[in-house]
Structure formats: C-alpha cells, structure tokens
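Protein chains: 2
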Amino acid sequence: MKYEKIFLAHGTGGRETEELIKNLIIPGFTIKNVPNGVGLTQLDDSGAIPVGDSEYIITSIDSYTVDPIFFPGGNIGTLAASGSINDVAVMGAKPIAVMDSIVVEEGFPIQDLKRIIASMNEVFEYEHVAVLGGDFKVMPKGKLDKIIITTNVIGTINKNRKPILDSGIKPSDKIIISGTIAEHGATILALQSGIEALSEGLMSDCQPITKAMEVAMNTTTVHAAKDPTRGGLAQALNEFAEKSNLMIKIYEEEIPIREEVKALVEMLGVDPLFLASEGRVILAVSEEDAEKTVKQLRKNGFPEAAIIGEAVAEKPGFVVIETLSGGLRVINRPFGEIVPRIC
Amino acid sequence: MKYEKIFLAHGTGGRETEELIKNLIIPGFTIKNVPNGVGLTQLDDSGAIPVGDSEYIITSIDSYTVDPIFFPGGNIGTLAASGSINDVAVMGAKPIAVMDSIVVEEGFPIQDLKRIIASMNEVFEYEHVAVLGGDFKVMPKGKLDKIIITTNVIGTINKNRKPILDSGIKPSDKIIISGTIAEHGATILALQSGIEALSEGLMSDCQPITKAMEVAMNTTTVHAAKDPTRGGLAQALNEFAEKSNLMIKIYEEEIPIREEVKALVEMLGVDPLFLASEGRVILAVSEEDAEKTVKQLRKNGFPEAAIIGEAVAEKPGFVVIETLSGGLRVINRPFGEIVPRIC
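For the record, the sequence lines run as chains A and B. Just so you know, we're using this note's numbering here: the first sequence kicks off at 1 and counts up by one. Just so you know, we're using this note's numbering here: the second sequence kicks off at 1 and counts up by one.
I should point out that these hints are in silico values taken from the structure, not numbers from a laboratory. Since this is a predicted model, take the numbers as computed values, not measurements. Treat the hints with caution; some may be incorrect.
All copies of an identical chain are treated as equivalent in the list; a pair is satisfied when it fits inside any one copy or across any two copies.
To be verified - With a Cα cut of at most 27 Å, we get these calculated BS3-like pairs of lysine-lysine: (1) K146 / K22; (2) K292 / K141; (3) K22 / K2; (4) K146 / K2; (5) K159 / K170.
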C-alpha cells in the first residue's frame, strides 16, 4: 500500500476500494473458500457453500452507513434489508433468512429506531425472509454518527442450479438493465449537497430486485447479474468486463434515466454512470433470448427494462460507451470521493 | 418503551438490552423463523436453518465496538473472529465460513488495519474457517471512533444431531465452566478506567471455544452451552434459568478466578460475575457425566475446568449463589452501564 492512512475514497466502492481489497484484505486471509464454493477468490456479490447433494447456501454481508438516514424513497432500514437481499438474489438464490446487527449512538431516538425496524420488516415480510437473530450495541455520544446497520442474508439455490457469477458472460451476450439508473445516488447526493430544491421529484429506487431476477430466470439462463450500487453502472460493468475477460460496450441513448436525475447531474457535473442504484439489476443473457427477456420484464412490473449494450470478445477488460454524439469513450472505474456514505 | 432515547445501558447485554429486544426488536419483525429452524422466537446464540436431510446451517452475527481496540491478549480482530465463531460453536456446530464487514474512520492507520486483519486471519486459519467475502466502508473523520467490525460465521451440524439450545437443561444437570472467569471484562475495565498499573498481569481470555466444545461433545451429550460474554456469568446463567425453566444454583468457592482479576474487582467494587469472558464456555451436562467431562476437559487443555453448580427444579427462572460465607444470594441480570464497549 502506498498510503499510511485510510481515505474516504477507500470506502466508495471504486478504484481505491478495490486496491485496498486486492492489496490488503485478500492477501491477508489464508483460507479463501470452502471446497467447491465461492469465496474471496472469486470476490463475487456473495459467498457460496455447497450443502447436501447439489444445493448451495448463499451468504451476503454489508454494513450500511448512509447519510442522511431518512431520505425520499426509504431509510437506512429499507436499504439494509434490500441491499443484502439483492447481493444474494444476483447469485440466483432465493433469500430465506437474515441476521442483523444494529449499532447506535447513545441518545438515538427510540422513535427513529422503531421507524427503521418497521421499514426493515416491511421488506423482510414482503420477501418472506425470516429474521433469525442479531446484535444490538450502543456507542457513547459523539463516538458514532447516529447508526450503522449490518445485515447478513442467507439464500438457497435449487438443486442442480449453480450460483450465477460475474465471470459467466459470453461474447455477443446482451446487457440488460431492469430500470432507470442512478436514482439512489442522485437523491443522496442532492441531500448531502444541501440543495433540497434540487432533490424535488428525486426518490431513491431502493428495493429488492428478487422479482426482476425471478422473471429473468424464468425466461432464460442468466449468465451474470449484478446490482449497480456503490460506483454505479461504471463499477459494475468494469467488474463484469474484468471477471468475464470481455469488453462491455454500452449505448448512451439506450440507458434509461429520469429527467430529474439528468437535471441534477448536469447541474453538479457528476457522471450518472458513477451513481448508485439500489433497486436495479444488470443482467447478461444470450443474444437470442435478450428481446424476450426484456419483453417479459416490461410485462411483469419493469416497464423501463432495456437492452443497454453487449459483450464483445476484443479488448477484454474494457468498458466503452457510444455517446449520443456517436463517439466512443472508455468508462473507467470511478475513483475519488464521489458520494461518501451513499449506502 | 418507557424511554425516548437509547442509553448506553441498552448496549451492555444486561436487563436494559433485553427489555429493548423484547419490547421493540422481537415484536418489530413478523417472520421470526424458517420452518423447523431456530430464530428470533428462541433467541439463542445463533440462528439455525435445516438443509438437506437432517443437516443444519448455523449462523451468527455480532458487531464489535471494543474500546480500546488493542489490549493485552488480543485486539478487536481477535475478538471479532473468536466471538462469532463461539456463538456458532455453542450451538454444537462446526464453524466453516465467515463474512466480515469493516467500517473505519477516515484517517485510520493502514498499519493498524493490517495488524487487526492478521489477528483475524490467525484465528480463522487455526479454526479452518474460510473467509468468503465482506464489506469495507469509511466514515468521515469524527463520525466514528476508529473502527467497527461485524462478523457472520456459518457452521454446520452433523447429520442426526440437533442444535444445542439454552432451553435444554434438565433438573439435576451439573453446570461446568471451561476455565477462569471475567478476564476479558477485567482487562478492558482496567484500561477504560485509565488505571494501567491495575491491568498488570491481566490479559483478555479472548479465543475460540471450539476445542472445549469438541472435548465435551465427545465425552457426553451437552444439554446446553453458552459463552458468558456481555453481562458475564450472571447474564448467561439467567438466560439458562429462564429458557430451561429451572433454578441454577452455583457455589462461589468452585468458580475459578485469577488473583489479578480478584484484586481488580475488589478495588473497583465490581462483581466479577457481571464481567465478560470471551474464551470460556458454560456447559450443562447430566449429573452422571459431569465428573468425566471435567476430567476430559482438564486432560485436554483446560486445566481450570470445574463444576460450578447445578440445575434445580424448584424456583424456576432464578439464579442463586452459595457464597464463601455459606449464605445464599440471588444473582440478577446485570443492569446499568457496567463496562461500555466491552466487545
């Protein structure tokens, strides 16, 4: 590591986070996998443990530190419930159980805690996810900014199915997104910038992506799936490109994005490809099944689902975008601070 | 809830934590179990999910906020690795995998992070626990005191064995402890009180209890097992008494405790029964097998293992101690602040 201290950028999910994980965390642990499972070696959205004959347990963990803790479209509880469900769902698993750990600052209002737990429960109840237990800790006043929630969701993969990995994309596969991008990131960015007026009409998209996964998996074989959270579409597609050893090419005019989000990012000079979604999934499916998959998604509650690009064998590891003006531009992983405490 | 805000005492694992969990957390969640599993309903050390034919997946979560983060006998990493392993082990499971989530304050020294990860790895490597993945977040300077680590450990229970629950104790069962008590609590208490001199010779007992569980399970049928962490022996035994609907009677003269710990608690006027151990296990086994179990423990690396008491059918829900002077005293669950950020 060339740094002596942790920077904010180490936590934004982009290039610096990856450097830290690759240089310090991965080499730091000796056993990175259970036999025939998915672990630190693959560094996918969740871990996988084979159990019994041909079944898998899928397990995810994330700590949520979002600031502000209440925002249009949800709160830290909605996010903590949905986010860890989504990490399990994108592996092709059905989420069944959760463990949660809540750490709050002394003096935290009980009413806020109730609201947050109610939001978590709303998600878990709708998704039929059982809350098996958890932890509750308190830090003295001034030692923690309000609250951190960590969730670990456990899912199962049906007999004879394998976990869906980021490395499964094949040349000529189409890239699909289940809805409009960057809404969670834009909402939090507007709130953090203190420009309340700008956040009008903005709302986080924070929600489980289980339904979209189910529709897609019932229509075709999903080659890869990922929720574009920290670091947005740019980070997620770069991980796809690197792990599948392919180039991903996307088309700006095909990317669904709301007018309110466009207005905000133009005013602030931020690239919406770097902003988090918390309720969308990117799918890689075969060229033949792509139209059919989008059609099914649109018919089943995802009217803005769209094919936004494709995988290409040449220039592996790169992500490029064909812009509205027809030019081609490389999309790098995001770096720098972007939006701290986005999730 | 009769309070409007969270107090420090809500996080110390004693009476207030339990009130909060029983009044706010448990009623807050609708689905508290997977079918035939162990969840919020039982509120045991971990959750249990049945998989395949007659196997169980056991899953634990805890967030570690200990202050100071480095202490004689270990650091927050040793604790985060051992603690969540222990919650799985006391259910009778073999820990196999872990997910970890690290949140640090901006400016946290990389060298400290390396030391902490090295300590976690030391535990995981020794215990053959695979690190499947995790999360890494950064909070801005001043928004978090140094670091919080959350670990989720997953274990498996062999075919035809059931999870060991707190409710499994039978009348006349003997209560065994695997070693001397209160060392982690006493060490952190001395450091937090700023009386360095007092901490001389004190050392946290923080370590996995898997070996002790293995020895006990190879010798007899363990009826209940628990690591006496937050709230110490007092809290753990009260949970045993309540969930097994029995009285637990212990004998002060039988409880193994180091001289250094005795000296500290006498000087500070703290009851050592309220202080955390982080590397001991309390076992309930049948009267017939109790001597044999202690003998095996002593022979296999636990020279201070001892029978400290027994379960009695009358006065269910109570814990009493026969003191050195021969008197009988009720041991309540701890309340108030005791030692904040003990783990």
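For each hint, the structure was consulted:
no.	hint	verdict
1	K146 / K22	between (30 Å within a copy, 22 Å between copies)
2	K292 / K141	neither (55 Å within a copy, 49 Å between copies)
3	K22 / K2	within (13 Å within a copy, 48 Å between copies)
4	K146 / K2	between (32 Å within a copy, 21 Å between copies)
5	K159 / K170	within (24 Å within a copy, 40 Å between copies)
Checked against the numbered hints given earlier, this structure breaks only hint 2.
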